[in-house]
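Participant: Quick note, the sequences are listed as chains B and W, same order.
The numbering used here puts the first residue of the first sequence at 2, with every later residue one more than the last.
The numbering used here puts the first residue of the second sequence at 37, with every later residue one more than the last.
To be clear, the hints were calculated from the coordinates, so they are not data collected in a lab.
Be careful, since some hints might not be right.
[What the hints assert, rightly or not] No more than 27 Å apart at the CA atoms, straight line, and that leaves these computed lysine-lysine pairs for DSSO-like: (1) B/38 / W/53; (2) B/6 / W/93; (3) W/93 / B/38; (4) B/112 / B/55; (5) B/57 / B/6; (6) B/72 / B/57; (7) B/6 / B/38.
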Amino acid sequence: DQQVKQNSPSLSVQEGRISILNCDYTNSMFDYFLWYKKYPAEGPTFLISISSIKDKNEDGRFTVFLNKSAKHLSLHIVPSQPGDSAVYFCAAFSGNTGKLIFGQGTTLQVKP
Amino acid sequence: GAGVSQSPSNKVTEKGKDVELRCDPISGHTALYWYRQRLGQGLEFLIYFQGNSAPDKSGLPSDRFSAERTGESVSTLTIQRTQQEDSAVYLCASSLGGQGVNGNTIYFGEGSWLTVV
Numbered sequence: 002d003q004q005v006k007q008n009s010p011s012l013s014v015q016e017g018r019i020s021i022l023n024c025d026y027t028n029s030m031f032d033y034f035l036w037y038k039k040y041p042a043e044g045p046t047f048l049i050s051i052s053s054i055k056d057k058n059e060d061g062r063f064t065v066f067l068n069k070s071a072k073h074l075s076l077h078i079v080p081s082q083p084g085d086s087a088v089y090f091c092a093a094f095s096g097n098t099g100k101l102i103f104g105q106g107t108t109l110q111v112k113p
Numbered sequence: 037g038a039g040v041s042q043s044p045s046n047k048v049t050e051k052g053k054d055v056e057l058r059c060d061p062i063s064g065h066t067a068l069y070w071y072r073q074r075l076g077q078g079l080e081f082l083i084y085f086q087g088n089s090a091p092d093k094s095g096l097p098s099d100r101f102s103a104e105r106t107g108e109s110v111s112t113l114t115i116q117r118t119q120q121e122d123s124a125v126y127l128c129a130s131s132l133g134g135q136g137v138n139g140n141t142i143y144f145g146e147g148s149w150l151t152v153v
């Protein structure tokens with residue numbers, strides 16, 4: 002039972018354009034949603050999060066949107082840079098269980 | 037060190053042998069997580085420790101997998117009678133607390149890369 006899904010395994014974007022990474026979830030009890038970025042041979046690093054009571058959170062070039070009714074969130078990166086090329090994981094956190102459940106990841110490639 | 041430390045960073049073992057992976061969380065972090073990432077796949081939850089509560093073992097894939105944590109410090113993940121399908125990177129993470137944390141205090145280690153031949 003995949004509670005957090007990232008249906009696009011890969012995404013390729015031109016430098017300077019917008020990257021949009023999508024994530025869907027099934028459990029309406031999640032309290033926070035997070036995005037992590039992972040380079041090869043490194044652990045994931047936290048990027049940005051959003052509380053379930055909000056619909057948008059912005060941090061520099063990164064914006065996360067949450068649509069609770071659709072159980073969908075997305076990460077927007079604008080403008081995209083070649084250094085953004087990495088695997089991006091969506092994750093959902095439940096305060097009740099303390100669990101952080103990850104999606105399968107989306108590999109973003111930003112072409113110069 | 038300031039971050040989550042895992043050892044060994046790389047381990048090659050023969051099928052059927054037991055392996056033990058270690059995680060040193062950030063000092064003071066009460067919550068500790070183990071995840072696994074197999075090649076080409078996403079992060080798979082294995083087990084979660086929170087303070088003195090009983091660990092959540094719901095993600096352990098089989099009874100060959102076990103994990104322990106001493107108080108709020110070091111954790112070891114043990115895989116008995118390893119199989120080739122166990123080849124993966126095993127990631128440990130820690131956070132200040134499981135309840136109510138906003139998520140951005142969950143820190144990951146670099147991972148232990150396990151190859152079963």
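Participant: If you test the structure against every hint from before, which numbers come out violated?
Facilitator: Result: hints 1 and 4 break, sorted rising.
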